[in-house]
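Let the sequences and hints guide you as you build the complete structure.
Using our numbering, you'd call the opening residue of the sequence shown number 41 and step up by one each time.
Since the hints were derived computationally from the structure, they do not count as laboratory data.
Treat the hints with caution; some may be incorrect.
[As the list claims (entries may be wrong)] List time: in silico SDA-like cross-link candidates among lysine to any residue, alpha-carbon distance up to 20 Å:
1) Lys171 with Leu305
2) Lys326 with Leu305
3) Lys347 with Asp371
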Amino acid sequence: MKFECKGDVFIKAVQQVSRARSKVMSSNYLQDIHLELDTHLLTLRATNLELFCEKSIPVKGLMNGSCLLQGETLLRIISTFQSKDVTLSCEIIDGVFSITTEKGVIEIKTTPYEDFPTLPKQGITIGTLSKENITMLLREVSFCAATTEIKPEISSVYVYTKDDYIFSVSTDSYRLAEKKIPNDNEIECSLLIPQKHIAEILQIINEETQDLVLSVNESILSISSSNLTLSIHTITGQFPDYTQLFPKEFTTTVEISKEELSKALTLTTFFNEKYSQVECIFTDSKCTLHSKNEAVGQVTHTINATKKGDDIEMKYNNKYFLDVFSHIEGDTLTCMFSTPNRPMFIRGVKDISFTYLLMPLNR
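This is how it looks when you write it as structure tokens:
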């Protein structure tokens, strides 16, 4: 194998596909990156057997071939390149992959292998989405997904379509986040995407500029552009019917400054005990927060609020309460309540596309 390519293009491709490789030291070739040259197209591939990423870049091909390189070694080497706007000359000689730059020559021993995993079949195309919409659907809710795999169906982001919208939902049973966007391309899907891969998925697609094609083959979701294919093993299971938590009407609605409430909740975290409990009292024009730690002390803090309906006095996990603020747009949020011991619903006043449910603490 022998080729020449632009340094910045090669570096970006290596960094992009490397996010799909295994991070486990004993995974042998799953930590590595596969390179294959066919005429003037260089294809890079990496996988941990749950994520598969393949990226193709244009090069000046001089001799076709393929090799497997130690992923971590290659990443460290390209991170030292001071000038990205250079031409790299690469070739394999006697099992050694050499990179020639204007500064010198770097030689990397190739990894022996027989059959490096290939991409799964992409299956049936279900539609296209922009990078921004995919990112929004996954990023806005994935923080709520369970981190344990005891119940894999809630260790995921549930993406489905209904009534002209695409929904994404995650929950760990203590809180739940839902995001919806218009289904302009009439996509039909119902998918459970593992939470543990969301960060890598977002980082990989972040480099793309084209709209992305979605396709499904049994339990595999593929996201692709003209030169990228990312395949993800989805979870087989049934996401809980969370819509039963949504009441027909709310008995209490409170509008409150997001900044003031965030500062007040942060203050209560200094007095946390085991369950990070904060008592919230909503009256006609005020919201009072109280937190107590027997070893440290206690705090009572009151801020202005506008309430319609019954007074509310409930206890919540203040860390879970704070988690939602970075996901709500605007300066004012709405807290909505129904019957006692039911979740609090939180939305931005100006953005109803995102909803956050927070279960009360009964301790």
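Holds or violated: Lys326 to Leu305, with C-alpha atoms at most 20 Å apart: Satisfied, since the Cα-Cα distance of roughly 14 Å is no more than 20 Å.
Pair hint Lys347 and Asp371, alpha-carbon separation not exceeding 20 Å: 17 Å, holds
Given hint Leu305 paired with Lys171 - CA-CA distance at most 20 Å: With a Cα-Cα distance of about 34 Å, the restraint between Lys171 and Leu305 is violated, given a limit of 20 Å.
Of the numbered hints stated above, the single one contradicted by the structure is hint 1.
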